[in-house]
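Asker: All chains, please: the whole structure from these sequences, using the hints.
Line by line, the protein sequences give chains X and F.
Position in the first sequence counted from 1, then plus 1245, gives you my numbering.
Position in the second sequence counted from 1, then plus 1105, gives you my numbering.
Hints listed in this document are in silico derivations from the structure and should not be mistaken for laboratory results.
Honestly, I wouldn't trust all of these hints.
Partial list, derived from the structure: chain X residues whose beta carbon lies under 10 Å from chain F [what the hints assert, rightly or not]:
#, residue
1, T1500
2, P1504
3, G1712
4, V1718
Note that the Cβ used here is the ideal one computed from N, Cα and C, for glycine as well.
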Amino acid sequence: MRPHIILLSAAAILQPQWADAEGTRAAAGPAAKAEISNSKKYEAIVRIECSSLNPDYRTPWNTGRDSGGNGTGWLVAPNKFVTNAHVVSNSRIVYIKKVGDAKPYLAKILHIAHDCDLAMLELEDPSAFEGVEPFEVGGLPQLDTTVKVIGYPIGGERISITSGVVSRIDFLNYSHSSVDQHLTIQIDAAINPGNSGGPVLQGGKVVGVAFQGYSGNVAQNTGYMIPTPVIRRFLKDVEDGRYDHYVDLSMSEFTLVNPAQRAALGLPNDGIGIMVAHADADGSAGGILRTGDVLLAIDGRPVMSNGLINYDGEDVNMNEIVERKFAGDIIKLKVWRDKKPLDTQVTLKRFIHYLISAKRYGEKPRYVMHAGLVFQPLDRNLMTAHNIKDLQVRYHFTAYAHDEIYKERPEVIVLTTVLPDAINSYLGGFTQGIVDEVNGTKVRTLEDVHSALQRGGGDFDVIKLLGNGRPIVLERSRVAAAQKRIQEKYNVLRDHYLGDAEREGAPPEGR
Amino acid sequence: MRSLALAALATLLAATATRGAQPSPAKSVVRVNATLQAYNQIRPWEKIAPTTRLGLGAVIGDGKILVTAQMVTDATYIELEKADTSAKTIAEVVAVDYEANLAVLQPSADPDFLADRVPFELETELRPGDAVEAWQFESNGTPVTTEIEVSKAEIGPYFLDTAFFLKVQANGPVQYRSGSFTLPVAKGGKLAGLLVSYSSKDQISHILPAPIIAHFLADLEDGEYGGFPNLGVAYAQTLDGQFRKYLKLNGAKGGVFVSKVIPNSSAAAGLKVGDVILSIAGHDIDSRGNYDHPVWGKLSLSHLVRGQPFTGDTVEIGILRDGERKDIALKLLRRKPEDYLIDPYMFDRGPKFAIVGGLVFQELTMPFFQLFGKDWQTRAPIKLLMAQANPEMYEEKGYRKLVILTRAIPTPATLGYERLSTLIVTEVNGKPIHDIGDLVEATAGADVAQHRIEFEDYPKLIFLDADLSRRVDATLEQRFGTIRRLD
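Answerer: The following block contains the structure:
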């Protein structure tokens, strides 16, 4: 079992924190004067307080559940603060607080990158930070060198500093989205809830952003920070005013250790090359690489049979090359195909279909409610909220990208809920079915469900679920009255929300 | 001499007594001691540790004993024992039906072992309110009879959850004596059924009733066992008024909607998805899928197909198709477990497997899924579960069985493949693999330096050194005794 990684923003109710802050200021008044130099020293490190609305995918028509929390941020450029995406995800209001100043300053999110858990904030009125020196972003720290973690973790209101050494540099899962892997640095300085987004310093420069760790009963003295290659990439990506996300080769590879495997592919037993197991059709390498190809070199660097390359003297995952690239960049590949070398290249792009398995934020859940039947597009949030156990749905969720389910169903629409009413009293058993056809229209998106139900098809609405020969049938003459009754009874203000056209991860062309 | 004469006299008396005797626990029930040993699903060349099952059998004449199939699943050794004298003899299984949970045994070394016993006759006329007796023995051989009262009947599974049969329920406390797996149930001295389960909490017993036993025995008479037929449909209720209107069922009473027809089943010859079944064998089917049984009241329609007619019989079905009434006649068939893509159960035979170079290939069966524990439906790999739920996905492509790589035994040939497991094999050396025989043929017959093995999923493609595999297999054969089982 994979140990549960916790994110380090302190989830707490906002109100009591305000009260605490007031109290602290009164008591600390005289002492604060004596430590002016300290406040000065840390004034580029801010406390971020955020109140958020977390949508409930079980009642998608509601505004969501209120919550609040706090984290840390730091000044990277005039009026540009960096923090973790998870500190400000689903936020409604974000305040920044300066060291030694209890006044909250209203901030807004300029960019939020869920795939690498970073965000950039800006103040409405930057005057409070005029003259404050932004941090410089440093390089990759060496193993066993000392770093300092600064921030506003639990255990008090004021700034906290802990220190430790760089323990390990590795590729690791970022638990904010739960599907993205990037370079990560493990340190043994105490990192606690509230440290999230805060700077990790070495020689006065930022060498990382504290972001996740294990709860104390899983592992001790293991905190993780986002290293500067990831931070720099984020800062560069947003330079044009827009975050374009990470790109991916979108392929799976298999180690070439077995001598027979190497011999059959016509390779010498020299430890070079990794076999392409599968390249996602819609991904960067789709149509370029195929099963049985061997990747010999990427961007001119030989790929070892375990998938590592040598980069700056270190053996790192070959994806480290792709990690530093941007959408539209071209990457050169040396491939071994049919026992002959082949030079080819790949234009990198984002693989949109993997998002189905990512935790999503800042989106209003989309749905259609018709005669008490609630239809919603399948994604990770939906799977979790409805605790979906149905095999067919689980298969579509798991194999959506690999088995190219998106070709037939850009969106997999699930009948998640039946709000009981006289019109649907025999339909409770149909929940967790995948909608295949509505009124004769093959369903590819939620919009299809909505328009087919609006249009109708005769005396009955006929909804066919995948793998179930028994259609759902509703008498059209009864629907309008039922709809009104159900909306009133269950407090469903709007009977559908189809989303904004520019929604992140919207199905690509062909919808 | 004297003692011999006495012995002869005793035999004679017994014979006289037998002729006019009524069945009784002492004379009509014997102990059955079985040693069971199933095959290991993950190391298919082995059997798991043996277990013992002590139960009771009903003497049914012709020197035969009736027991539940559960008594003898994967039996390696069966003993009959007379409760009164503790005389024992070896027995063998003459016939077994795991779906109906019935088996017939006979002494294999001493044909006259049961000569002094009194065979049961069957009592098929059971009804609610009947008092019946469960028969068993104290450990010293003294008969114990317990009266319970028949309350109702339903259609449910006996012990395989894929096969549904008539189950009679009876109420009343039944004290459990050791060695009493499966108690014969008697009514008026005749065999009314076998008690297959008892819950001490609510004092409810379930009885496998005589009509099913009679069906099983009658089927055996001609020496060719056909088994209980299946219809091969999934159906949905038609209680929903809107659905009834949509189907134009307003004029009709009851009926169930055919939502799935299994290819090559009895139903495939005449029923279609969308048909509404209104009657079977002259019985009206209500909108829940029940009919009125003269004794038991509402019973599931499956009893009309499975519990009464025999395989090969024809059954009349009244349907509504596209708003019109029709009568169709279906010849009833039975699908044997080995006819399924994934065998629903396997007893008395081991998984079909073949080891190549240390890679263990095996046909996927339901017992394999049980390896994932009680929650196998969520814990087993999703691709395998999908195949189990939708076998037609593979059957349409010509698969007779799914061959999976269950695991890789670490050998020089499997270097780098140690972590591969539960992968569906699609092709070997360019030949499609539709059962384990295909795989053996594709590897044994191939003149290649490396075997090319393709899987449905990651890593899609691996190679095995052919020479090295042969050498590895020879070593493994010495270690395991065998490296393949093809039938």
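Asker: Confirm or reject each hint.
Answerer: Status of the hints after comparison with the structure:
1. T1500: Holds - the Cβ of X:T1500 comes within 10 Å of chain F, reaching about 6 Å at its closest.
2. P1504: 7 Å, holds
3. G1712: X:G1712 check passes; min Cβ-Cβ to chain F is 7 Å, inside 10 Å.
4. V1718: 4 Å, holds
Taken one by one, the earlier hints all hold for this structure without exception.
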